[in-house]
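Got chain Z sorted already, so can you dock chain D onto it with the hints?
Here is what each chain is made of, one letter per residue.
Number of protein chains: 2
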Amino acid sequence: MQVSPSEDKIPVVGSTSNSHGYGEGLYFSDGRRKVDYVLVFHQRRHSSLRSPASASVSQDRLSVVSNGNFPPSAASDVAAGRGGGIPGRDSACVGEVFMELGFAGGNESLEPADHEMRLIRQEFEANLQEAGLEIERDREIKSHGPSFTRLHAPWPVLCREAEFLKIRVPTKTSYELKEESSFGSSMSTMWRKLNRPFQPKVPHQDHGRTKFLSHCFSREKLHLYNITSKETFFDNTTRGRIVYEILRRTVCARTCQTIGISTLIAKGVYDAAFPLHDGDYRVMGNVEERNDRQLLHEEWARYSAFYKYQPIDLIRKYFGEKIGLYFAWLGVYTQLLIPASIVGIIVFGYGVATVDTNIPSLEMCDAHLNFTMCPLCDGACDFWHLSTACGTARASHLFDNPATVFFAIFMSLWAVLFLEHWKRRQVSLSFNWGLTGTEEDEEHPRPKYETILLQKRQRKQKNKKKKKKSEPDKQEDGTVTGKDRWRQKLLSAMAAGIPTPIDKLTWKDRLPGYFINVSSILFMFGLTFSAVFSVIIYRITISALMAMSPDPAIKSNVRVTVSATAVIINLVVILILDEIYGTVAMWLTELEIPKTETNFEERLILKAFLLKFMNAYAPIFYVAFFKGRFAGRPGNYTYVFNNYRMEECAPGGCLIELCIQLSIIMLGKQLIQNNVFEIGIPKLKKLVRALKDKGSAEKEKEEEKPPQQWNLDYALVAFEGLTPEYMEMIIQFGFVSLFVASFPLAPLFALLNNVIEIRLDAKKFVTELRRPVAIRAKDIGIWYNILSGMGKFSVIINAFVISFTSDFIPRLVYQYMYSPNGTMHGFIDHTLSYFNVSNFKPGTAPNSLEDKDITFCRYKDYREPPWSPDAYQFSKQYWCVLAARLAFVILFQNLVMFLSLVVAWVIPDVPKNIVEQLKREKKLLVDVFLREEKEKFQLIQSLFAKDNALQPGSNVLQQVQGLPTPGRSSTLPLGQTQALVGDGGGAPRARCRAASFSQFTRKTPTSPMKENENSKHTAV
Amino acid sequence: MQVSPSEDKIPVVGSTSNSHGYGEGLYFSDGRRKVDYVLVFHQRRHSSLRSPASASVSQDRLSVVSNGNFPPSAASDVAAGRGGGIPGRDSACVGEVFMELGFAGGNESLEPADHEMRLIRQEFEANLQEAGLEIERDREIKSHGPSFTRLHAPWPVLCREAEFLKIRVPTKTSYELKEESSFGSSMSTMWRKLNRPFQPKVPHQDHGRTKFLSHCFSREKLHLYNITSKETFFDNTTRGRIVYEILRRTVCARTCQTIGISTLIAKGVYDAAFPLHDGDYRVMGNVEERNDRQLLHEEWARYSAFYKYQPIDLIRKYFGEKIGLYFAWLGVYTQLLIPASIVGIIVFGYGVATVDTNIPSLEMCDAHLNFTMCPLCDGACDFWHLSTACGTARASHLFDNPATVFFAIFMSLWAVLFLEHWKRRQVSLSFNWGLTGTEEDEEHPRPKYETILLQKRQRKQKNKKKKKKSEPDKQEDGTVTGKDRWRQKLLSAMAAGIPTPIDKLTWKDRLPGYFINVSSILFMFGLTFSAVFSVIIYRITISALMAMSPDPAIKSNVRVTVSATAVIINLVVILILDEIYGTVAMWLTELEIPKTETNFEERLILKAFLLKFMNAYAPIFYVAFFKGRFAGRPGNYTYVFNNYRMEECAPGGCLIELCIQLSIIMLGKQLIQNNVFEIGIPKLKKLVRALKDKGSAEKEKEEEKPPQQWNLDYALVAFEGLTPEYMEMIIQFGFVSLFVASFPLAPLFALLNNVIEIRLDAKKFVTELRRPVAIRAKDIGIWYNILSGMGKFSVIINAFVISFTSDFIPRLVYQYMYSPNGTMHGFIDHTLSYFNVSNFKPGTAPNSLEDKDITFCRYKDYREPPWSPDAYQFSKQYWCVLAARLAFVILFQNLVMFLSLVVAWVIPDVPKNIVEQLKREKKLLVDVFLREEKEKFQLIQSLFAKDNALQPGSNVLQQVQGLPTPGRSSTLPLGQTQALVGDGGGAPRARCRAASFSQFTRKTPTSPMKENENSKHTAV
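As they're listed, the protein sequences go chains Z and D.
Using this note's numbering, the first residue of the first sequence is number 1, and each one after it goes up by one.
Using this note's numbering, the first residue of the second sequence is number 1, and each one after it goes up by one.
Extracted from the complex, chain Z is given alone in its bound form:
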């Protein structure tokens, strides 16, 4: 902290030769100091297109919009305009200052705002320099356009912050990974050989046999680390993170009373802040020396690499742990979709193979059986023969067969396995990335929270003053100064982390927000349901109208036309509402005023997930569980709007309709979202920007020098969080797991989509986004809970789909209870009830009734025949089948839940080899420190020998304090070692080892680190 600005230019020791020739824009003008971070602000002489407040508020927000980017101005208008009963209070603090000074903060008087912002920037950057960062600005001060402030973190700053952040770095000590037994090792060699073509050609992807011990960075242990060059010891990602950490906590007390860069961006003082990419992603000349971005682009971010593993370690190295975890998760998910797809294809194949031997569908197609069915609509429709529905019956069998039950159980267990596998992968990743033992970083409150808190304090003080003094003339002035004082207090309290008497918002402050939240969510649920209902109405009315049409061509295509159009309408509605709900969820979460960014993210995700889930699945749920169940029976149909009969399922059963609905929505959603939102819109945006730039470029033609890396990066889109990417995948996971009983090919389509999705996302991250700040994350957070919740929910849903939507249970019941000979023959007859055509209500009988000699028509239901005493009541078979269905649900649910528990219990959460490695590392680390401390104390001993001669009294003092006398000193290192291992935590084995070590080696001093003696001596 005492690195004063004057000390900035410390001589850079070590080699700088690794500054490759092509990295022009990556260094300060001296060509040696790396640009670690860039701050950008816009000079706004000519009133710019974006209003500062709206442009900036949306900057620091997480977008949940699944793929596209909602228009930022609209969102912020919403947020600012209807802000929880306190409208317009979240404007930039600069604006507030202006109000106080008497300026009108409108669009016209931007000049003073600019001036104010310049002051803020000046103070902020001065504070950055005080924190040890080095700053370079553009030489010429441009009158407009972006201005760049480039930051460089020198070695001492890096060291200090690395220690604070407990960044793990490799030490010189390495250890051999455990040898497998001969059989295992030959197997693994073969596996590696087979796998080679699927491995990306990236250095260090294969870890090999030795592993370097890593340890939290500490400036006192520099000799332990493998520091070849101070320039490259911390890679660019870590440097960026370190600088971001400083930016995040640097205060700006005098001019704007706030903390951190994100608030400043939110307030419009800066436009953007980002670390630089490693250079251009296109390989220019020599292919040998590629930077990480080029490597990623070559080996990962291209479609032709679709069959390869992802270079997860490199991704993590370049983008940080959080993004690395996303891609690792996506990879695991995609990989596990392969077996699921294969089984799905087999199950589908079984359906295809057995369609010609399946008795129920053969019976349905058999024209000789000649079932005369009751008409499908009133009046206009005629009686029809069941054999005409042969096509749907055969199609239905493809998905509705016993193999589907097996597949549903399989997929439920698959979901559990996937989660367990991911848990293990997560642990081993976080071990390999050195995250074990690190804790969650604590966060500052969000800017919005601070603002609201400030307002609360002000209100409170005002009220107090009102009560105390009753001079109304002094109040106005008092409030302003009081406000300032409060601001100062709040700020210092925030900076110090001291809890002040009223240091948080209570539920009372959030009540209006919660109220709006609940009501809006209810409203949107209503919206979703009414959308579904409208499509139903559309289907009912159109099919009724078309059936009445005299044209036979129209009549014959009723079902196809109506279904197709209805599903497409559904799809469009879903896509539109999806975007709307993303925006609304964001707005609602703002109203809740969450304290921290993590808090905000979690609430947003939960809300957005709830809304999007409802939206995507409501029509599917309708088809699965409600369609055709309220249609009534001939002679007693249910009508909507007094005229239109409720729709029934196709003759082949509801499952085929569910299957069609599911596949179209799933495929349509994926295709449209991938193509339009993820490829189309960014391309369009780029085009628009390019056109705009062309316009302004004409004016700026005078500067002809090639664009620097920061110019290039600024032209890219800002990174807006992983929420949309995760959300898309989670909704897809729902398609794969929830209704998988009805559509065994869903995993296959998901797999195909994901293979593309990975490369699409990779391309986006490598070429189209600014480099995101690396964020440490040990797990995927709330997404895991959502996944696991969906897995559990899917068990119940699948149980109901199999037992209620499919014909599986009725067939079983028929075969074992009613079939005369134990075969399925006669099943179709069994499922059809009789209806006496004379019982048609007046006006509903088909017009052609008189022409024909028909007394009974059939319909699909289990009801008593007309000749029974209680005609048209549910028959005994109905109740029997219902009981069987319910029993199946109970059996299926509990069986699968039990199996899932067993699977989760059998698979340990932490892989065995990781446990072993952890133990070994702990032990090794203790050893290293032990050795080191031993030598240190031998040195001290000799020092004391000198000292004691000078000060004979000091020994007594030591004894009283329990401090070591030279004679006993060998007991001390252990304690210190324990303290230094820190996050490791006392492993008694290691401890014991240490104890015995000191017992056994007391007499044999080893000293492999003699070269450090002198320096250590002076250090201690």
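Treat the hints with care, as some may be off.
Where chains are identical, the list cannot tell them apart; a pair therefore holds if satisfied intra-copy or between any two copies.
Listed next, the in silico BS3-like pairs over lysine-lysine satisfying Cα-Cα at most 27 angstroms (straight line) [what the hints assert, rightly or not]: (1) K919 with K508; (2) K876 with K467; (3) K912 with K460; (4) K211 with K423; (5) K841 with K221; (6) K764 with K322.
These aren't lab readings, by the way, just hints derived from the structure by calculation.
Predicted, not measured: the structure shown is a model, and the values here were computed from it.
Just chain D, lined up with the frame of chain Z:
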């Protein structure tokens, strides 16, 4: 480690005045050094009663026997005799040594064994002294009887080990607990006042407003801690733990090649090892100064204190965390049983209040309705009138009413709430006890595991040798030396913790064990089931025989007599099998050769739980779900042994039978286990021992001096783990949760039992057991999982009990589907089917048939009447009711599971105030260290100022190594502080605070610890 034995008697600084007058037996003969641990061995001149091997093997084992103690010799015989295919290999190593030396290790030649053991003891105790412990032995060497070795840990040893063990100790720094708001504080004061009579009168029970910051002990930070006296800084419990830690890891390489006291006890070298109690538990004279044991005895371990809270902190202080957690858990469970009992009583009260208005039971009792029921047995029994079963019908209503459904839901949620509440309590206890951040201690392998491993190695080597050389004459000799070499290697490897090539037992070694395990468990399941089945057979045959008896008095009491005797037989069988299963589970777990003690405990618990659960609940499951369901119908009964009809439920329904079964087993088990096993047997044991002692005392009359504390403690029973205590409670939890729908008073009886149980256990721990070694534990381990599993299971069970065992669903179905007027009138008639008496099979009709004019009799079932086309088939009502029952199960299960999830999600696992306190402590700690380091570095600075004058070159070295120059030194403390906080992990808030702290306070050096400067100076 260099504390040589000659340095033992360091002058004890500080006050020793706190050695109260009454603690005679607690100190060495010098009256100053505390006895921290006692090792006991028996001189065995006259061949003692217990054979050394068997007595010792059972010492270090965890007993699962629920309450009583199984005879140790039997258990170890089983273990030794049938030891997994390697019989008799777990004998003491001494024995092995003997075999090698050519001695026969029989009972006759005890002399040499004694000699050998003396050698082992000598080496072990010498090693203890080398580790720094001080030892006192009895002056006179007795020829027989127990000999005591007393251990004392001096201050330096305590310090060293406290550092290793990361024991948290209070620092001088304290902080105010957060003030509640005015309303809250007045409420809490009132609450405290109301609570006062329930609080035990124990110092520091109420924490007050300030809390001392605690921190892991470190010898370098002695000045931070609140050390008033070195004698009392570590309390007796901690001292005991520290000594135990040393005992546990001290090797005994030369004579016995083993590690740790537990192995030595297992091998019979020592008889016992235990820390001393704090003195007598009876208060002698002055009541003012009571030791902790007396306090516990007065305020906790007596029945008259049953209404008071437990002094958990004192329990923990005296017995350690693990036992503290048990009592805390028991307390929470008992406390939460109070609301459950109250609701249960209300539900029962509802049943009592409505019994006179309940239409079904009124109809049953109404003699006018005159239902003629089919006879209950073939031939001998007559037709009977339903109104004669009025009593059971009314009793049935007490438990079978709609309130029960509510109660079942309530209890399921109660179970979730209990678990959540306990989780929170656990977290706050582990915070208050300074366990946050500590990790599980790693353990040494169990003695048994080591033995088997050794044998494996030997076999392997033998095989190798056989292959290499073919000289059979050299082999014998070679094996012995090879064995010794292997032993040495194994031992050093174990000591060092280095993984050797073959360092563990694989599944192959355990295969026979697993095989025996699975088959035994299956066998015992069979045993349980056959026991249940035998009781059924007993009931069927006896009731048939009694029905045939001509005596009307016998006839009328059939049901009562048979039921009562059957349940008592059940109870006895359960109690006997319970004891057997405990022993068998132990034996089976030994066969599995688990590596560590924790491992052993977990497997043992799982197995014992499985067996005991099956045992206790099998008869109850039978009554709930199977009884009466396979009885058949009149004219087509199911027969066992061709003669006896399967039993039916009582006319009032199965629920009342379930209720009786449940209550008798629950109450009987608790009463008998509490009275006989927990009070009776220990008393009996004491009596036996007293008688035996009398016999031997006559010979030893010469020593007349009063018994020392170690004599008194040795006379007590050894502590054998908490497993039996937990197991008893868990089985009880099953009674409370699993079938609660049938017996709402279960929580009340459990509550009454537990109120006694707490004091009973307390008495046992305080007065009857040797003081256990304090074991650190953060949670109750696998018990939590078992509890949570039972909670989940109980949801399903209750759903089935309500829907299938009770008449709830049939009543609902009748009321809403069949009742002509929507009331329950006619329900009884509806549930009874008709049977045409002419359809009786020949010989089964009642003998009195000819005398009466009866054509139809009724029976309880839903079947078609005789006049229907498919007579006696299940009727439509049957299927309808079945469907309703199944639907209810699905609804209930999913609803309750969902509610449970919501409850668990809403209640945070860590209480809010703990989170806040944790944050504050972290921050305070950083502050303290920061301040301290600051001063330290100011000192160093001045030191360097001197040094630099002498050695001008040293500064350069520092810069290269990144070490602090005096000018920059203020940045360093942070890093070190972070490392020292250690378990805390980098909280950015604290970090940030620290950063700003150093920014703001750079210019204002504070120095409240000036008094330590000199000593620190010399220390550094």
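Here is how each hint holds up against the structure:
1. K919 with K508: For K919 and K508, the Cα distance is within 27 angstroms only across copies (25 angstroms; inside one copy 50 angstroms).
2. K876 with K467: neither (78 angstroms within a copy, 77 angstroms between copies)
3. K912 with K460: Cα proximity of K912 and K460: across copies only (25 angstroms, versus 58 angstroms in one copy).
4. K211 with K423: Within. Shortest intra-copy distance 23 angstroms satisfies the 27 angstroms Cα cut-off; inter-copy 39 angstroms does not.
5. K841 with K221: Close neither inside one copy (93 angstroms) nor across copies (95 angstroms); limit 27 angstroms.
6. K764 with K322: within (16 angstroms within a copy, 54 angstroms between copies)
Violated hints, listed in ascending order, are 2, 5; each of the other numbered hints is respected by the structure.
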